[in-house]
Amino acid sequence: MKNKPVIIDLKNISVSFENQKILNNISLYIRDGEFLTLLGPSGCGKTTTLRIIAGFLQQDSGDVIFEGKNINGVPAYKRQVNTIFQRYALFPHLNVYENIAFGLRLKKWKEDAIKEKVSEMLTLVNLKGFGPRRIDSLSGGQQQRVAIARALAVNPRVVLLDEPLGALDLKLRKDMQIELKNIQQKLGITFIYVTHDQEEALSMSDTVVVMDGGEIQQIGTPLDIYNEPKNAFVADFIGESNILDGVMKEDFTVEFNNIKFQCVDKGFKKNEPVDVVIRPEDIDVVAPEDGMLQGTVTSVTFKGVHYEIIVDIDNFKWMIQTTEKSEVGDVIGISIDPDEMHIMKKSQYSGLYGDYSSFSDEFDELSEA
Amino acid sequence: MKKSSFAQKLMNAPYIIWSVLFIVAPLIMVIYYAFTDSTGAFTLSNIAQIGDYATTFVLSISYGAIATVICLLIAYPFAYFLAQTKASFQSVATMLVMLPMWMSFLIRTYSWITILGESGVINSFLGLFGIEPLQMLNTGGAVILGMVYNFLPYMILPLYTAMSKMDKSLIEAAQDLGCNKFYCLRKVIFPLTIPGIASGVTMVFVPSVSTFYISQKLGGGQITLIGDVIEGQFQTAYNYNLGAALSLVLMVMILICLGVLNYFTDSDDDGGVLI
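Just so you know, the protein sequences line up as chains B and A, in that order.
The letter at position 360 of the first sequence is residue 359 when you use numbering that gives the first Met the number 0, and the numbering goes up by one with no holes.
The letter at position 200 of the second sequence is residue 199 when you use numbering that gives the first Met the number 0, and the numbering goes up by one with no holes.
Think of the hints as simulated: they come from the structure by calculation, not from any bench.
Treat the hints with care, as some may be off.
Residues on chain B that point at chain A, a partial pick, calculated with CB under 10 angstroms [to be verified]:
1. 53
2. 76
3. 101
Within a straight-line C-alpha distance of at most 20 angstroms, the following computed EDC-like cross-link-like pairs (lysine to aspartate or glutamate) qualify [said to hold, decoys possible]:
4. A:167 / B:135
5. A:186 / B:110
6. A:186 / B:244
7. A:167 / B:162
8. B:106 / A:171
9. B:77 / A:171
10. A:186 / B:97
11. B:345 / B:244
Stretches of chain B that chain A covers, calculated by requiring three or more beta carbons in the stretch to come under 8 angstroms of a beta carbon on chain A [stated by the list, open to error]:
12. 10-17
13. 87-96
If you're wondering where the values come from, they're calculated on a predicted model, not measured in any experiment.
The C-beta atom is built at its ideal place from N, Cα and C for all residues, glycine as well.
Chain A with its partners taken away, still in its complex shape:
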């Protein structure tokens, strides 16, 4: 490898400054707050309090996991069939998948209240048939629905990319050697799309676990996720130290979850598949 010249280093400078300012510095601050008290003295008491939130952590991770699995189950067949359609249809369809992202995440989530609410679209429709309003809003189901709805495109796009990049003659080769459709999927398509699955899972699981807006709006205070607790510490309790400690632990837990995922999906190479 040739040594990079000064000019090349200079070209990298904006990226390095950006990383330091917006990734490294906040991370250091989180760690600093997590291990200090309000006077700035070193303490482990914040970390020690984490135990009180164990059930919230478990709930958040379970909700995130459920939403991720649902996204995967919807997105995988969708991406599979999409990749086999005509190129012109594919570009329209991928644009439609991305279209909701052009609108504010907050507005999209808010609109679900008017759909699911007691006098919302669904219940009004059911009312026409004399059916009592269903309790849909402010349930765990609504929160998971919100996660699936908001993060589904992040699952579809990497899967679609992985599927459309795959050499079609590999599928023919598999059929040629005796694979029916099912074996083809299991022995060739699935292993070759694992990098896509890994990045899709990451991009859905991470924001789902740490969300607070979706649980507040669609859970109506009934469902408290770890994101809500962290937000509360910063916004209402002004306990930055405990908030930072919770964030740090959440971050470590997500990393462990993804590490486990990678351990099972990594086929001895493809190191940088995440993100």
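So here's chain B without its partners, still in its complex pose:
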């Protein structure tokens, strides 16, 4: 992926609506054939970024470069990018065949070439024989497949996907994730995917762009984003994190809970305040006397593969995922390997995330839905 040429380059893009900044100086490049995901909570500017690439929206300042050419002001219908819309936007007055053929007819393809392409697309999305069907006779999943076929039929260089699986139920969504990824790899087309679902982003993407408040928080591979989050927002948004207030005493030594720990990070100033991220699955539960820290279990939830326990250590509630069973009220010790501690510079998000004192499973599920 690294040696592929850049296909889209966004330079210093800013957009405001009614004096409210939606995008604040976004710069981002996308390589040919890459599966890139714009990930963030609603209102973070991810869809706006997509609409600027599609040409539905003009940026206030900055440049959109497509294969080295500035395409500011080029209308959507002249761009070599196609969008798969959140609610599919299939033409209700046309049947499946005509929906897929729509773009080809505009390109003045010959009728037999259209026929061939449409049947190729229907095969690709597993809808063989659905050509004459009416759009409103299809299920949500089938409509989604038609939308994919319609966008891919015109041989786009880049496909933009705006939360395409958001309206599908969980099982179907998982299947479609795999299918979309397969299609993308088979055709070798660049996909720019917008989602607020971090799991979807991690499992499908080559590159994840985490956004919040109209700014890019971090760009990296799914592994980088998970293992080396840049700030508390990224650490919290991607997976679960315990984020502690710490001080970097010197290279390879960090202090939190008034105890010095060995770590693998360096390059900070002496005594620089930092955020320390420790993933719940990286913490080992041990006997109290063997632990680096000791605390009291305040809640235990069985999750199938593991237990999720909340432990109060010096009035800070940690989340720990472990296969060891413990009971509420138990005093336990915890042990953390030096390379499981990730040190981040302080940011505007410090102190906002990473404490499970107000944690409730139900609340978490509600906010994800």
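Once you've looked at the hints, dock chain A against the given chain B.
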């Protein structure tokens, strides 16, 4: 489908009574009068006389058709642009469109006499520049103007509804697939607003064809439409039988016109779009 209970049937009763009293019964009476003579005996002579009014029928339908086309040409772009404005502006604008309907149809039509007449507003203004009074009143143009003016809101409102209901992402999808503005209109917006066009055309064409007041006031007796003839049969000639026969034939002709329209605009479904 569940069978409706007695209570549900009872709820429908007022509607059924209303329909029978004001739709079915008058229709039966029209048919009865059309096929009987003044003594009440069955006859086809009323229908046989229709041939004498062929030119009036043609004139009425042509005037109605012209007025409908003009309304469509004005209302379509108007509704299109209106649907794209801010929501607050849309509600004000639709209210302004409906505002004339709050006044009596008769008064509104009458006021055009004072605008178009020989000493009316326009001619007085032209007189300031030494221009001779134009003959505007009592012409076919004045009658068509009256129809367009009176029935335009009935064209705008269904079109506006159809346009504002349309999912905006469909237009984006069309642009995305390579449609410029013109193709967007032709391939997506137009086909999706056909139900609105069909109901607008119906609501303008039907009253235009059968009007008598507009042609009397703005045509000044020079233009006789079929509505005038029918009114004359009931009001002055007291020949209810011929009047009913004319009405019946007019009704059939309108139904045929709308049937033809539907045949061309119906995209294999959307059965109940009329009205």
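**Prompt:** What hints, given by number in increasing order, does this structure fail?
**Reply:** 6, 12
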